[in-house]
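Protein sequences appear in the order of chains A, B and C.
Letter by letter, the first sequence follows residues 0 to 284 in numbering that gives the first Met the number 0.
Letter by letter, the second sequence follows residues 0 to 232 in numbering that gives the first Met the number 0.
Letter by letter, the third sequence follows residues 0 to 206 in numbering that gives the first Met the number 0.
By construction, these hints were calculated from the structure, which means they are not laboratory data.
Keep in mind that the hints are not guaranteed to be accurate.
List of simulated lysine-lysine pairs, PhoX-like, C-alpha gap at most 25 Å [to be verified]:
{"id": "1", "chain 1": "B", "residue 1": "140", "chain 2": "C", "residue 2": "205"}
{"id": "2", "chain 1": "B", "residue 1": "140", "chain 2": "C", "residue 2": "1"}
{"id": "3", "chain 1": "A", "residue 1": "155", "chain 2": "A", "residue 2": "252"}
{"id": "4", "chain 1": "A", "residue 1": "53", "chain 2": "A", "residue 2": "23"}
{"id": "5", "chain 1": "B", "residue 1": "227", "chain 2": "C", "residue 2": "132"}
{"id": "6", "chain 1": "A", "residue 1": "99", "chain 2": "A", "residue 2": "124"}
{"id": "7", "chain 1": "B", "residue 1": "140", "chain 2": "C", "residue 2": "53"}
{"id": "8", "chain 1": "C", "residue 1": "205", "chain 2": "C", "residue 2": "1"}
{"id": "9", "chain 1": "A", "residue 1": "90", "chain 2": "A", "residue 2": "131"}
{"id": "10", "chain 1": "C", "residue 1": "53", "chain 2": "B", "residue 2": "227"}
{"id": "11", "chain 1": "A", "residue 1": "163", "chain 2": "A", "residue 2": "187"}
Output of the computed footprint for chain B on chain A, the stretches with three or more beta carbons under 8 Å from beta carbons of chain B [stated by the list, open to error]:
{"id": "12", "stretch": "45-59"}
{"id": "13", "stretch": "168-176"}
{"id": "14", "stretch": "236-244"}
Computed Cβ-Cβ distance ranges for the label pairs, DEER-style [said to hold, decoys possible]:
{"id": "15", "chain 1": "A", "residue 1": "266", "chain 2": "B", "residue 2": "216", "range": "33 to 39 Å"}
{"id": "16", "chain 1": "A", "residue 1": "116", "chain 2": "B", "residue 2": "91", "range": "50 to 56 Å"}
{"id": "17", "chain 1": "A", "residue 1": "128", "chain 2": "B", "residue 2": "23", "range": "31 to 37 Å"}
{"id": "18", "chain 1": "B", "residue 1": "64", "chain 2": "A", "residue 2": "57", "range": "44 to 50 Å"}
{"id": "19", "chain 1": "B", "residue 1": "37", "chain 2": "A", "residue 2": "261", "range": "44 to 50 Å"}
{"id": "20", "chain 1": "A", "residue 1": "44", "chain 2": "B", "residue 2": "23", "range": "36 to 42 Å"}
{"id": "21", "chain 1": "B", "residue 1": "64", "chain 2": "C", "residue 2": "91", "range": "35 to 41 Å"}
{"id": "22", "chain 1": "C", "residue 1": "91", "chain 2": "B", "residue 2": "69", "range": "31 to 37 Å"}
{"id": "23", "chain 1": "A", "residue 1": "252", "chain 2": "B", "residue 2": "83", "range": "21 to 27 Å"}
{"id": "24", "chain 1": "B", "residue 1": "140", "chain 2": "C", "residue 2": "74", "range": "15 to 21 Å"}
{"id": "25", "chain 1": "B", "residue 1": "12", "chain 2": "C", "residue 2": "85", "range": "55 to 61 Å"}
{"id": "26", "chain 1": "C", "residue 1": "62", "chain 2": "B", "residue 2": "139", "range": "48 to 54 Å"}
{"id": "27", "chain 1": "C", "residue 1": "69", "chain 2": "B", "residue 2": "59", "range": "25 to 31 Å"}
{"id": "28", "chain 1": "A", "residue 1": "25", "chain 2": "B", "residue 2": "83", "range": "51 to 57 Å"}
Glycine included, C-beta positions come from ideal geometry on N, C-alpha and C.
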Amino acid sequence: MRKLTSAILLSTCLILPVFADEQKPINPILKMATTTSTQDSGLLNELLPAFQKKTGYEVQVTAVGTGKALKLGENGDVDVVLVHARADEDKFVEAGFGDKRYSVMYNDFIFVGPAEDPAKVQDTKTTADALKQIAETKSPFVSRGDDSGTHKMEKKLWEKAGVKPEGEWYREAGQGMGEVLQMSGELKAYTLTDRGTWLATMDKSPLKIVLEGDKTLMNPYGIIAVSQKRYPDVNHAGAQALIEWLVSVEGQKAIGDYKINGQALFTPSADAAEAKPANEPVKTN
Amino acid sequence: MASISSATWQAIQLLISGDPDLWEIILISFRVSLIAIALATPPAILMAFLLAFGNFPGRRLLIAMTNTALAIPAVVVGLTLYLVLSRSGPLGEWRLLFTQTAMIIGQIVLAFPLLVAMAHTALQAADRRAWETARMLGASKIRAIWTLMYEVRFGLMSALLASFGRIIAEVGASMMLGGNILHYTRNIPTAIALETSKGEFAQGIALGLVLLLLAFILNLLLHYFQGKGHIAA
Amino acid sequence: MKQLLFRNLSKHYGKRLLFTDLEVPLTTGQCLLLTGKNGAGKTTLMRILAGLDKPDSGEIQVDQSRYTWRTYRPHLQRQILYLHQQPYLFEGSVWDNLAFALTRGLSRLEQTQQIEEVAAWAGLSALLNNKAKQLSGGEAQRLAMARALLRKPSALLLDEPTANMDHSARLLTLEMLEDLKHQGLMLMVASHDPDWFQAVTNQQIKL
Chain A
0 MRKLTSAILL STCLILPVFA DEQKPINPIL KMATTTSTQD SGLLNELLPA FQKKTGYEVQ
60 VTAVGTGKAL KLGENGDVDV VLVHARADED KFVEAGFGDK RYSVMYNDFI FVGPAEDPAK
120 VQDTKTTADA LKQIAETKSP FVSRGDDSGT HKMEKKLWEK AGVKPEGEWY REAGQGMGEV
180 LQMSGELKAY TLTDRGTWLA TMDKSPLKIV LEGDKTLMNP YGIIAVSQKR YPDVNHAGAQ
240 ALIEWLVSVE GQKAIGDYKI NGQALFTPSA DAAEAKPANE PVKTN
Chain B
0 MASISSATWQ AIQLLISGDP DLWEIILISF RVSLIAIALA TPPAILMAFL LAFGNFPGRR
60 LLIAMTNTAL AIPAVVVGLT LYLVLSRSGP LGEWRLLFTQ TAMIIGQIVL AFPLLVAMAH
120 TALQAADRRA WETARMLGAS KIRAIWTLMY EVRFGLMSAL LASFGRIIAE VGASMMLGGN
180 ILHYTRNIPT AIALETSKGE FAQGIALGLV LLLLAFILNL LLHYFQGKGH IAA
Chain C
0 MKQLLFRNLS KHYGKRLLFT DLEVPLTTGQ CLLLTGKNGA GKTTLMRILA GLDKPDSGEI
60 QVDQSRYTWR TYRPHLQRQI LYLHQQPYLF EGSVWDNLAF ALTRGLSRLE QTQQIEEVAA
120 WAGLSALLNN KAKQLSGGEA QRLAMARALL RKPSALLLDE PTANMDHSAR LLTLEMLEDL
180 KHQGLMLMVA SHDPDWFQAV TNQQIKL
């Protein structure tokens, strides 16, 4: 009997998520894997309480690199993933680990470096020129080296610049963004960072922005619910509710309103048509 | 997680095939920790000698301090040294942060109290008669120290092995001071932390297996030396 | 140096007085027997004489000159050898233990000669390659005496030298003590069982 009730309630939630906020969720614990950037920038601290107030879901966040976040999803250890590595996200969905990728927002990457700017990156206009200068002058560059979204982005940028970063000057740290920024400050090195982490730590850093605004430096975030077909016990209803809220007008506004030092970190980018996912048939592969 | 067995199998293959990246990390680990032990041992044994046989004010306090130092978490050691070695720290001029030298310094600091404490115990268990006899038979202080060390060599070996085991498996200080830089300061524990965060479990497991094997060998040796130590005593 | 005369020796162990105003004469070619119950301070006294432990007070008369214990201590440590009740033998062979006591700068031939000579004297010639820690009580005591002798000391202080020995081993030890007297050493033997040493004793002190 209990089972039946839950099943009914569950399907109600799925079909009518619009009303979900008026009911207490059956499983109020929602596990999300996300990248360190969303956590470190303070965005989640702003968004999640609003979401919880609205829907009653308590979101437990595991902030790791994009690679690990997707792995956690693949293993069914979390219910939903919020990451930024477009190609991997699509693979994740294609392989059937997730239902559908929703665009949520984007932020941009920037290059920071020592104030003296030995590679004269500030004189360049494009990422490719900047990286070529750094490599030519063999100026120290610290790479995340941890397979995170930022690391993948950085590798792509080197590739586009036609430079193979190798040598004593190129250091693969294998640590999070905050640590890498600290390390770059200590080593007087250049590095690629997301703007959010930079804004949150710039007060303590001896580095400064040397390149920003290039189109190639845009960084889109996507959210994917872990497939219930694959892992029947995931909190799919909760995941769906979170996605629903993030792409809703209300969620999108909250993202756009989030500021550090008066600067917006993320630009909302949800497709307006996706704001009502409940109307779409559940995707089957 | 159905992948645990396949990841382990991959790990074993990585090890056997002599994967150069993997073995480089293992070599860095051993290099750093062996140098640290080699540098920490002579002063630690000297201090253990002073604590065991010296007769000076503050000796008991020093023993208590050594035992307290044993309990200091590795990350606290890492943090303290980070602040000292950082550019804005007192030794910032030396530019040691994120080098193998910084890792070695961190591991020396970690190994030192354990070495002193265990060597102290070993030396205290040594027979006072050994020292007196050596001195009466005309041995210089240095030679008497060597003699006594030889008499308790199994206990001292145990101290070395246990300290080596502690520092080679330690992640906190190595991560903070070395920075986990590929080809340079990435050792076994920091690499495991990284591979796990990347979701690359095979590499992590392979390195974990190396540490396990090492722990097993160190324990066998410890067991052997401690057994020997008892027979000799 | 014919005689070392210790005067005014006193020593407390904690609050307990072990001895006070004690006079101890060590004379060339003579054996002094020290008797007393367990815990009477025999070992402590011998350690003071050998410069290992400090007395509360004490002075030393060497032939006609007088010194305080403190100033004379470095000489004591060279001239007087104390043998622990259970002598400490180092890791390694009997040979290694004897070689430890050799003075520096001897040629290989001299080393071998001295070791073989003293080993023969102590009846250890056949045991030179044996592990020292595996010797019997009597053998260990004889090795300790032989080893001490290589330092060419003026005096030997033996603490209960025949404890844990069988009859024949005790006789052998007595013979060696007799021989040491003839070589002109100052001897002192502590024992709570004095009857055994009456034959070699010239003088006796009771604590």
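For which of the previously enumerated hints does the structure constitute a violation, in increasing order of number?
-> Hints 1, 2, 3, 6, 9, 10, 12, 14, 15, 16, 19, 23, 26 not satisfied by this model.
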